[in-house]
Amino acid sequence: MPNLSRRSSIFILFSVLLLVGQACVLGSQASTPDSAAPASPRAGTATPVIRTLPSATTDPASRCPTPSGATSLFLSRENGFCFLYPSDYPIQPDGLRPEEAFSILGPHEPGDFMEPVALVLGISYNGPADGLTSAAYAERWFQLYTAGSEASYEPSSARMDGQEAVILSNLPGFPARKAAFVVANGIKYQISLSPQPEASAILAEDATHLWETVTGSLVFFPPENDRVTVRADEVCPSPTADTALYRNDLEGYCFLYPASFQPDPALPGRVEGGPVVLNHPDFGEVRISLTLGTMGVFPGKTPRQVIEMRDGGIESLSEITIGGYPAVTFRNTEGPWASRQALILVHDAAYTIVAQPDEPAAYATEFPYFNQLWDTVVGSLAFFTPWR
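Residue numbers for the sequence shown follow my numbering, so the first one is 7 and each next one is one higher.
Just so you know, these hints were derived from the structure itself, not from any lab.
A few of these clues could be false.
[As the list claims (entries may be wrong)] What follows is a set of in silico ranges between Cβ atoms, one per label pair, in the way DEER data are often shown:
| # | residue 1 | residue 2 | range |
| --- | --- | --- | --- |
| 1 | P245 | E211 | 34 to 40 Å |
| 2 | R237 | S324 | 28 to 34 Å |
| 3 | P287 | E156 | 36 to 42 Å |
For clarity, every value in this text was computed on a predicted model and none was experimentally measured.
Where a beta carbon is used, it is the ideal one built from N, C-alpha and C, also for glycine.
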């Protein structure tokens, strides 16, 4: 099946990004990486950790290390871990996952830059391991999250609180970072460091000290939370003779689409097919396509309130339910052709659907292909817990 021209592909991506919002970030006692202090020399190594052994009836968190004057204790009963970190570094919840992930903000490289290289260590609770070992977790994560990159899988072994840990270095991004993958008490955990010490001569000593302080003091215990994990196999529909299944484990959704359409390998969540419906002077041959994407989190908002943040171009706004979650659908008239769109809020996380071109008068004979694609995807769309 012929593909869209490069210009058409660029427009498709632009259309997806028309639904732009600001993700709400929970505040905390910490500053942002941009406001962190410049890097400064740090002497010595991580402070030795003192732990006590629990009795059969002791609170598991009693194993947590004792802070010194140079370190503070971070304890999360909900996520099942505690650790020490340098007292002069602020710690804050993640903007997208404030209940499950946290960032320690270190110094940044000196200089007057819009986005200076800043030292950040993140630790996250990533849900049930479902039988995976730390090694299997690291390998699957690498396969999913680095697909399409030139990164090579070069694991090294370590132990954290007596648990097997796998460390991956030179992970894609700027600057290069490293991460540790640990399965403890049946839960997946990731500890990441950016930049890794080798990626910044200025921050290397601080990065090493931060990494060793946290990973050398980390204690795991059974988490205390009632979170529900929805697995893809529990909710994704089964394809029929006329449909195929699209599944995105990283974003947590799946849907059926007509078998005559094809996924776009260059743009996750997009399927395209049918005959050429428009010949556009700027974008060449245009076929029907539908793209599903994400656009941040909006705590306390309704789909209508999120859409009302944007300016103009909205027709026929309707409030409906898609995949069991509140949503709105509308026709967007902006751009070289109109599109039919939807916004769905799944536990405050926003998902968007953009189907185009929504121009029935321009290609009346072929327009049933458009409706077939929209109805098949929207009628089968299901959401599950993203795999992390």
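Consistency of the hints with the structure:
{"no.": "1", "hint": "P245 to E211: 34 to 40 Å", "in the structure": "violated, 54 Å"}
{"no.": "2", "hint": "R237 to S324: 28 to 34 Å", "in the structure": "holds, 31 Å"}
{"no.": "3", "hint": "P287 to E156: 36 to 42 Å", "in the structure": "holds, 37 Å"}
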